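Visitor: Chains B and D are the protein sequences, given in the same order. In terms of our numbering, the first sequence opens at residue 1 and continues consecutively. In terms of our numbering, the second sequence opens at residue 1001 and continues consecutively.
Rather than coming from a laboratory, the hints here were simulated on the basis of the structure. One or more hints might be untrue.
[Claimed, not checked] With beta-carbon atoms standing in for the labels, derived distance ranges:
| no. | chain 1 | residue 1 | chain 2 | residue 2 | range |
| --- | --- | --- | --- | --- | --- |
| 1 | B | Ala131 | D | Val1034 | 29 to 37 Å |
| 2 | B | Gly132 | D | Arg1096 | 52 to 60 Å |
| 3 | B | Ser66 | D | Glu1095 | 28 to 36 Å |
| 4 | B | Leu17 | D | Val1034 | 39 to 47 Å |
| 5 | B | Leu17 | D | Glu1082 | 54 to 62 Å |
| 6 | B | Ser139 | D | Arg1078 | 23 to 31 Å |
| 7 | D | Arg1096 | B | Thr145 | 24 to 32 Å |
| 8 | D | Arg1078 | B | Ser35 | 41 to 49 Å |
[Stated by the list, open to error] Reference listing, derived: stretches of chain B covered by chain D, where coverage requires no fewer than 3 residues with Cβ under 8 Å from a Cβ of chain D:
| no. | stretch |
| --- | --- |
| 9 | 20 to 28 |
| 10 | 90 to 97 |
| 11 | 122 to 134 |
Computed from a prediction, not measured in an experiment: that's the story for all the values here. Just so you know, even glycine gets a beta-carbon here, dropped at the ideal spot from N, CA and C.
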Amino acid sequence: MNEKGHSLAQLLVIPLLLLSVMLIFDLILGLGEVSTAFKRFANALLTSYTLGSGAMLGAMFFYADSRNKPLSPLIGMLFATFLGAVLMLFALSYSDLLLEGNGSMQAQFFSNVVHLLVVTSAICAAFGLNAGLLMSFISGQPPRTMPWDDEEE
Amino acid sequence: MAHTIGNMRTKETILMVGICLSFVLLGLIYFMLVDTNAISAEQFRTDIWLAGADLFGTVIGGLLAIAIFAIVITMYERNLPEPAKTNPLSITEKERVTEILKDIVGGEKDE
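Put together the whole structure using the sequences plus the hints.
Guide: Structure, rendered in structure tokens:
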């Protein structure tokens, strides 16, 4: 195969094939207990959004420093964070809408935070591992020679 | 050295992505079918959904927070008033500018 002949479809053909096989197996053998997956998704989304907005509120202070300290973007971001927190508080305290086997709202909140930390660590580890593999793969190859002679100084 | 890293590496990229994804997916398929001491196949299939929900929820929530941060900044920047017009240069300032330009265009002075 030449260097220019590869496309995105070629790149993803084997993984997509395996993913299809996995989904077919999942459908044939049964999907398992999926009802809690929606709760988990909503919990993860709300927690990630609220804590992410809080972090962005911190970043907004640095932005305000570079713009003569305006209040309106700070208030806007504070409102966005507050909205996320209120939504999460409401959803967690409303019956068992988002409770996943935890006895109380506080327990569910801390469970969500722990899940967020685990997922974030997993994403970081995956990125790090891939970056390391890529670098070892590239640097492990013998250096390619140029089609022309080196310029002599 | 710069030419040997990251340039013309399509083949290696395909190998990397293919090997990584295939390895992960093969592992997932194996544990979906086979009961092990640590976890049953049925439980593993359930956990895949939970892990996927966790992952997607976290990523979407984070992206939403970043998008709102960008929207707030964009709205603020758009509502900023136009900067006030400055007064034209005075005669003294014009003379000073001319002097500087002459220095620059004229190059180094002979001493």
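Visitor: All hints, please: hold or fail.
Guide: Here is how each hint holds up against the structure:
1. In this structure, alanine 131 of chain B and valine 1034 of chain D meet the distance hint of 29 to 37 Å, their C-beta atoms being roughly 32 Å apart.
2. Roughly 57 Å separates the CB atoms of glycine 132 of chain B and arginine 1096 of chain D, a value that falls within the hinted 52 to 60 Å.
3. At roughly 35 Å, the beta carbons of serine 66 of chain B and glutamate 1095 of chain D sit within the given window of 28 to 36 Å.
4. Checked against the hint of 39 to 47 Å, the pair leucine 17 of chain B and valine 1034 of chain D fails, with Cβ atoms roughly 20 Å apart.
5. Separated by about 57 Å at the C-beta atoms, leucine 17 of chain B and glutamate 1082 of chain D satisfy the suggested range of 54 to 62 Å.
6. Separated by about 46 Å at the C-beta atoms, serine 139 of chain B and arginine 1078 of chain D break the suggested range of 23 to 31 Å.
7. At about 57 Å, the CB distance of arginine 1096 of chain D to threonine 145 of chain B disagrees with the hint of 24 to 32 Å.
8. Range check, arginine 1078 of chain D to serine 35 of chain B: Cβ separation about 44 Å, and the 41 to 49 Å hint holds.
9. Evaluation of the coverage hint for the stretch 20 to 28 of chain B: fulfilled, as 4 residues show C-beta separations to chain D shorter than 8 Å, against a requirement of three.
10. Here's how the stretch 90 to 97 of chain B fares: 0 of its residues keep a CB closer than 8 Å to some CB of chain D, so the rule of at least three is not met and the hint is violated.
11. For the stretch 122 to 134 of chain B, the stated coverage by chain D is satisfied: 5 residues place a CB nearer than 8 Å to a CB of that chain, which reaches the threshold of 3.
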